[in-house]
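Next come the chains, spelled out residue by residue.
There are 2 protein chains.
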Amino acid sequence: MQTVLKSKEQEVRIETEGTVTIIGEKINPTGRKKLADALKKKDFEFIRKLALRQVQAGAQVLDVNVGAPGVEEKVMLPEVVKTVNSCTDVPLCLDSNDSEALAAALEVTPGTPLINSVNGEKSKLDSILPLVKEFDTAVIALTMDDEGIPKDPEARLAIAGRIIDRAVKMGIRTENVVIDPLVLTVGADQNAARVTLETIRLVRKEFGVNINLGASNVSFGLPERQTINQAFLALSFGAGASCVITDPEKLSSTILACDLLLGRDSYGKRFLTHIRTVQNA
Amino acid sequence: MQTVLKSKEQEVRIETEGTVTIIGEKINPTGRKKLADALKKKDFEFIRKLALRQVQAGAQVLDVNVGAPGVEEKVMLPEVVKTVNSCTDVPLCLDSNDSEALAAALEVTPGTPLINSVNGEKSKLDSILPLVKEFDTAVIALTMDDEGIPKDPEARLAIAGRIIDRAVKMGIRTENVVIDPLVLTVGADQNAARVTLETIRLVRKEFGVNINLGASNVSFGLPERQTINQAFLALSFGAGASCVITDPEKLSSTILACDLLLGRDSYGKRFLTHIRTVQNA
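Chains as they are written, first to last, in the working numbering: chain A, 1 to 281; chain B, 1 to 281.
Rather than coming from a laboratory, the hints here were simulated on the basis of the structure.
As the structure is a prediction and not an experimental result, all values here were calculated from the model.
A virtual CB, placed ideally from N, CA and C, is assigned to each residue, including glycine.
Hints are not guaranteed to be accurate.
[Said to hold, decoys possible] Subject to a maximum C-alpha distance of 20 Å in a straight line, what follows is the list of computed SDA-like cross-link-like pairs (lysine to any residue): (1) Lys269(B) x Gly221(A); (2) Lys269(B) x Ala188(A); (3) Lys269(A) x Glu15(B); (4) Lys205(A) x Lys269(A); (5) Lys205(B) x Glu79(B); (6) Lys151(A) x Gly187(B); (7) Lys269(A) x Gly187(B); (8) Lys269(A) x Arg194(B); (9) Lys151(A) x Gln226(B).
[Claimed, not checked] Only some residues are given here: those of chain A computed to face chain B with a beta carbon under 8 Å: (10) Thr16; (11) Leu106; (12) Val108; (13) Gly111; (14) Pro223; (15) Thr273; (16) Ile275.
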């Protein structure tokens, strides 16, 4: 199954049977004080640099989130979309809890972006899916609802099913719903990653859709986070994830190594080109 | 299923449902000139250090191989077994192409070692399985035969089946045959790792036995070998491998991270203890 994202002139296909799609996570002020300050000061040059560095490191799509205290998202999200589009032409992943901010950003985003995110909460379904339909975009759907994040894979699968169902009834194509099975830190719950991996397998088997992961939470609070994140990504791709929101400067090499090992990179050409590019950067 | 290895006083269980067993690969002169020289000069202190460093880094079993030009294996393998046993008490993995050297080493090895290895070649089956039976050990069985290494997983599965069959008919217990699906470099064949991963899945499903991997070949000739090896280990454990012959100084952290992510490490205690030990070493 393919989820087609577009920028002004580029197309990126998230594919269940293809190479993994890398979404750069760094334009997000959560835990990044310098970016939060830059957003408050409207230092757009800082944001341009963040965008370019990530594309250079292998990001094929860029997540754009401006949620920080003192920042009016409805105004700033479209501004940052324009900023990123002024220096690079990759499809965007519009990331906000505020549906008005998303609507404002959608008005100025060329092509077909990914919306980040809807989930099974009634208010989210009611506010986000109409935007997906109206702007004919794709959307990331988190497997949580008004009851919270279920502890077992079957319940997460059921939420994924309800969101897909609702989307399809509204006329959104199944392939435009990218399921995110959510991952919590294994530092707090030894089953956290196992449940996510099992959810990936179940969702792939049941619905055949693309699956996205936010891949840094899993190691929160633990030492050697890079090692844990690398291992988790490989386990996730082995289970069937096809798209990841991550730090491409830290994890692109691991992601491309997984594509190579999973037989998706003839003679390692893509991996070798990437390593050469990164080493010369 | 459990494969129980023993040293003089310790027991190590390779378990299909448990944490991964780490076999230290470094007492093997192939590609290690210093060790080859040490063996020729009978510099046993060098070997003791290699043994201790690996156990310190997380090895639970040590592979012992003395195959180098100018070294008489039948004499040296028992000598090195005694050397390793003089400084540490982990079970051993006796690694030789020479069945007489293995027989001589088995005479001086306490407990239940692992023999590395038999395969589907007639001469190997005839020379190695009788030793496994006589000394009541476990054995690594490579999925190749007189025709070479098959390119497809089903053919490797068939060889695994034939070896297990032959072993069982001789009175060797199934759980004492640890299948090694073999891995070639993805630099030469883009399907090399995929075929290995699929073989792991098939062998686990069909026979339920433990599966060992030599985990360094896969990246031969490529840059960023550590990244590729880390990713491959995670993919392999996700597919069902339970035992690995590797460099514990480079890869123990990744292996323990995988156990943590696969829900086999309550509150990450084992991972955290390992990281602390390695950082203080």
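A quick look at each hint next to the structure:
no.	hint	result
1	Lys269(B) x Gly221(A)	13 Å, holds
2	Lys269(B) x Ala188(A)	11 Å, holds
3	Lys269(A) x Glu15(B)	37 Å, violated
4	Lys205(A) x Lys269(A)	30 Å, violated
5	Lys205(B) x Glu79(B)	40 Å, violated
6	Lys151(A) x Gly187(B)	41 Å, violated
7	Lys269(A) x Gly187(B)	9 Å, holds
8	Lys269(A) x Arg194(B)	17 Å, holds
9	Lys151(A) x Gln226(B)	34 Å, violated
10	Thr16	16 Å, violated
11	Leu106	36 Å, violated
12	Val108	38 Å, violated
13	Gly111	32 Å, violated
14	Pro223	5 Å, holds
15	Thr273	11 Å, violated
16	Ile275	5 Å, holds
The structure fails hints 3, 4, 5, 6, 9, 10, 11, 12, 13 and 15 (numbered hints given earlier, in ascending order).
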